[in-house]
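Asks: Once you've looked at the hints, dock chain Y against the given chain W.
One line per chain: the protein sequences are W and Y, in this order.
Under my numbering, think of the first position of the first sequence as 1, with each following residue one higher.
Under my numbering, think of the first position of the second sequence as 1001, with each following residue one higher.
Treat the hints as calculated values from the structure; they're not laboratory data.
Derived pair list, reagent style SDA-like, types lysine to any residue, alpha-carbon separation capped at 25 Å:
hint	chain 1	residue 1	chain 2	residue 2
1	W	K163	Y	L1221
2	Y	K1134	Y	H1238
3	Y	K1220	W	L136
4	W	K187	W	P228
5	Y	K1134	W	T24
6	W	K84	Y	V1235
7	Y	K1220	W	P47
8	W	K25	Y	E1137
9	W	K117	Y	E1223
10	Y	K1220	W	L178
11	Y	K1216	W	M100
Simulated restraints on C-beta separations:
hint	chain 1	residue 1	chain 2	residue 2	range
12	W	E192	Y	Y1312	46 to 56 Å
13	W	I249	Y	K1245	50 to 60 Å
14	Y	R1139	W	Q143	25 to 35 Å
Going by beta-carbon spacing under 7 Å, a handful of chain W positions derived as facing chain Y:
hint	residue
15	A60
16	F62
17	P82
18	Y83
19	N88
20	T89
21	F91
22	A95
23	H99
24	F108
25	G109
26	M112
27	Q113
Cβ atoms here follow ideal geometry from the backbone N, Cα and C, with glycine treated the same way.
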Amino acid sequence: MSENAYDTMILADGVTKTFGQGDTKVTALDDVSAAIRKNEFFTLLGPSGCGKTTLLRLIAGFELPTHGTILLDGQEIGHLPPYKRPVNTVFQNYALFPHMSVARNIGFGLEMQGRPKAEVDGAIDKMLALVQMEHLAGRRTDQLSGGQQQRVALARALAPHPKVLLLDEPLSALDLKLRKEMQIELKRLQSETGITFVFVTHDQEEALTMSDRIAVMAAGEILQVGSPREIYTQPARRFVADFIGDINILEAEMTADGAEVTLPGGIKMPAQLPDTLKGAAPTGRVSVAIRPEDMSFDPSGALRGTVANVVYFGVGSNVHVTLPTGEGLTVRCASDAPEIGAAVGIKLPAAAQVLAD
Amino acid sequence: MVALPDTDTQPKRGAEANAVRLAAARKSIDGSARRRRLQLLSPAMITIGIFGLFPLTITLIYSFLSPGVFGGVTWQFSTDAYVQFLFERDIFDDTLTFSNTYLSIYGRSIGLAFGATVGALLIGFPMAYFIASKPPEQRNLWLFLITLPFWTNLLIRTYAILLIIRDEGIINVSLEGLGIIDAPLGMLYTDGAIFLGLIYSYLPFMVLPLYASLEKLDFKLVEAAYDLYATRFQVLRHIIVPMAKPGIVAGCILVFIPGLGAYITPELLGGGKELMIGNLIALQFGGSRNWPFGSAAALILMVVVMLSLIVYVRYSGKENAHG
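For reference, chain W alone in the conformation it holds in the complex:
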C-alpha cells in the first residue's frame, strides 16, 4: 500500500495492546498497522472481540498502546490523554450528560476548551441546525427518543470540529428503519463537515453501505483493507469471504502454472489471486470462493447437480444444490427457481477467487 504522507490522517504502526498479565494475559491487538486517509469514511468491521473497539479506544486515548505508535496528522499521539487529542467519539450508548440540556451537551467540548461564550453559542446553533434539532435545544437528554439522542451525540462530538470522529457502533441501539435513515444522515454529515470518520461495526451491510474503505478485523489482526467493492468481490482471506455476504467456499486444486483451479468434479476454471498472493501463487489444495449471485442456471452449464432446497426471500431465491461429489452449493436465482429434486446445470463465473487462510 503506497500512501502519500499528506493524505494520511491516522497512521497506526505496529500497534499491540495486551490486557492483564501472566496467565490471564489477553492480546486484543497484535501488531496492527493501518493508514486512514483524510476525509474518508473508514470502517473497522469484525465480529465482537476482534479488537476493533480496542483500536478505536487507542485512537481516542482511553487506552495506551503496549507497543507501537499512532500518528495523527503526522504527530505522535499514542501517549497523549484523551483531552489533548483533536479526536472526538460518538459512544455506543451515546453517553449524553443527563444533568445538562441538549444545548449544553453540544457546547460542552468547546466550553472545556475555554472558547468564548459567543463562539460556543454560535457553534451550538450551527450544530443544532446540522442535525435538525433546533426545536429541542432546551430539552433534557432523557426526554429524547433514541434517534434524537443519537443526533445530539453526533452534534456534541462534531461541535469542536475534531480532525477525526470516532463512532463506536453508534447505530446498534436503533431499530432497522431508523438505522437506515441514520446511515444516510451520517454519510451526509461526513461529506458536509469534511471530517475523517472512523466507524466501528459488526454489521457487514452497514459497512458496505457507508464506507469509503473497510478494514476487516479478526482475532486482533487486520485481515484486509479495501473499498467495499474490493472486499466483497475480491476477498483475500477465507475469513473475510465468509464474514461478508453469502458465499460458497469450495476446496479446489491449483494447477501447476497457478492460472487455473480444478473444482470438485474435475471442472477447471481460471483462478483470480488476491494481491497478497500474487507473485507467490499457492500450489496444491486451495480454497476458492464463488458468490451465489455470480452463478446462474443454464442447461448447458459445466457444473451439474440436484436441487436440495429453495429459500425464497422476496427479490429472489437462494437455491441449494447438491453436487455429485456430495458438496453443497448455493446459487442465487432472481426469477423462477427450479423445483426441489430437479437436475440442473450451473453456469460458473469467469474466474474463481482464491483465498488465503
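Replies: Below, chain Y alone, put in the same frame as chain W:
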C-alpha cells in the same frame, strides 16, 4: 374484601346497565382500597405518633412551664426559658440585658458541625469514589471496612481518640521521643479535638450515601467528558460532582444534623470546657435542673435545623429548575 352491591332484582338490560354495574363495582373497590391502605399504614402512623409527636408535644409544653426546684417542672405558664436564651436577668432588680452566651454556643456548634461536614465530605468523597471504582466483588469488603467501627460503641471509640491525642498519648510521646517537640501539643480539650472526633464518628454516614450515588455513575460519561477536552479537574467539577449531588446532599445532612446535636464527642474531647448544644441541653436536665430551658434549647435547635433544610431545599430546587 370487595363487596359487590346487590344488583337490581329486575336486571337492567344492555350496555347501560353494565356500565352502571361496573361503576358501582369500581367505586366499591376504590373505597375498600382506601380502607386497606389506612389499615396498612396504621402501624407506622401509631409509631410516629407515640415516639415522635407525643414526646415533641411534651417538650413543647415543658418549654413553656417553670422549672421545679429538684428537676422536673411546676405547672405554671412561663416564657422564661425563651427569654433566658437571649437575655440575662439581673438577680437584684429583674432587668433584662441582652446576652449572647447561649447564642454563641449555638454559633460554635453550627460552626463545628459545618466544619466537620466539610471535612467529612473532603475525606469521604475520595473514599467513596475509590470504592465505587473497584470491581463489584471487592466493593462489599471495602464497605464492610467502612462500617466496621459501627460494631464498637461510640463511647469506646471516642475514648480511644482521647487516649491517642492526650498529652501522654501515642502522638505526643512519639513526637517527644523523636525530639520533634519539647512539650506535649495540647490537642485534647480543644475545638480541634471535637472537630476530629465529629469527623471520625460521622464519616461513614458521609461515605455510604456518596458511594450509593457514585456507584450508579456511568463511567462512559467520564470518558465522554475526557474525550471532549475536559481535564481531570473539569471532569470532577462538571460531571462527577453534579452526578453525585444527591449523595453529597444526603451525606451532608446525615453528618451535619447529628453533628450539631452531638453529646459524647464534645463531652469527652472538649472536656466540658467547650460546650456544644448537646451538652448544654444535657446540662439543663442534669446539673442545672432547668427542664423548661433544656426543652426550649432543644426546640430552638430543631427549628434552626428545619429552617436551614427548608432554605436549602428551596435553593437547590430553584437551581435544578434553571439547570
